[in-house]
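Produce the complete structure using the sequences and hints provided.
Under my numbering, the sequence shown has 112 at position 112, and the numbering climbs by one with no breaks.
Check the hints yourself; a few may be wrong.
As the list claims (entries may be wrong) - Have a look at the derived ranges for each label pair, beta carbon to beta carbon:
hint	residue 1	residue 2	range
1	K29	E98	22 to 30 Å
2	D65	G142	34 to 42 Å
3	E5	G63	16 to 24 Å
4	K101	A52	21 to 29 Å
5	S23	E95	18 to 26 Å
6	G145	D65	35 to 43 Å
7	K101	S23	12 to 20 Å
Stated by the list, open to error - Quick list of in silico lysine to any residue cross-link-like pairs, SDA-like style, CA-CA up to 20 Å:
hint	residue 1	residue 2
8	K31	L10
9	K29	L103
10	K31	F73
Keep in mind that the hints were calculated from the coordinates and are not lab data.
Bear in mind that the values here come from a model prediction, so they are computed numbers and not experimental data.
The C-beta atom is built at its ideal place from N, Cα and C for all residues, glycine as well.
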Amino acid sequence: MPPAELQLDLQFGEFAGSAAHRSLLPPAKVKRWMAMALRSPAEIAVRIVGEAEGRALNRQYRGKDYATNVLTFDYTREPVVSADLVLCAPVVEREAREQDKPLVAHYAHLLVHGTLHAQGYDHETSERDAMEMEALEVLLMGALGFPNPY
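Listed below in structure tokens is the structure:
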């Protein structure tokens, strides 16, 4: 099945090293990764942010006072998926280094992960849901030419 249609708005906040992250994430590549994870048409904004913005958003919307790797704000799922994804570049970079994986592979995984969340997948509801979501992520990452992210 061909990937679903995706209208992507890719944004970069102001943070140290933003140019390097921007060069890793050309819109066409990001769109291809995310479209692979979609079952229906979507309108998704992706914002790559620094630590301060990531922390502020996580605190405001999840009550957690730290920057996390990806936040998904899903608004509608039918007939069109509508969502915002926020990725915190310093956290993504740190995790990639700690997990000894290329930064681009970690970004691809988190974009797929966030896109699945936008469609209702949730790894925090039960172990079964987590296993289903992780298995789908492994398949999608393989189809995109990346190794198992876990």
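Going down the list of hints, with the structure as the test:
At about 24 Å, the CB distance of K29 to E98 agrees with the hint of 22 to 30 Å. Checking the proposed 34 to 42 Å range against D65 and G142 shows it holds: the Cβ atoms sit about 36 Å from each other. Our hint of 16 to 24 Å for E5 and G63 is violated, since their Cβ atoms are close to 35 Å apart. A C-beta distance of roughly 25 Å is found between K101 and A52, which places it inside the suggested range of 21 to 29 Å.
Here the CB-CB span from S23 to E95 is close to 19 Å, well matched to the stated 18 to 26 Å. Taken as a hint, the range 35 to 43 Å holds for the pair G145 and D65, whose Cβ atoms sit roughly 37 Å apart. In this structure, K101 and S23 meet the distance hint of 12 to 20 Å, their C-beta atoms being roughly 18 Å apart. Distance hint between K31 and L10 is fulfilled; the C-alpha atoms sit about 9 Å from each other, no more than 20 Å.
Between K29 and L103 the alpha-carbon distance is near 14 Å, which keeps this suggested pair within the 20 Å criterion. Annotation: proposed proximity of K31 to F73 holds, straight-line Cα distance about 18 Å (limit 20 Å).
In this structure, only the earlier hint numbered 3 is contradicted, and the remaining ones agree with it.
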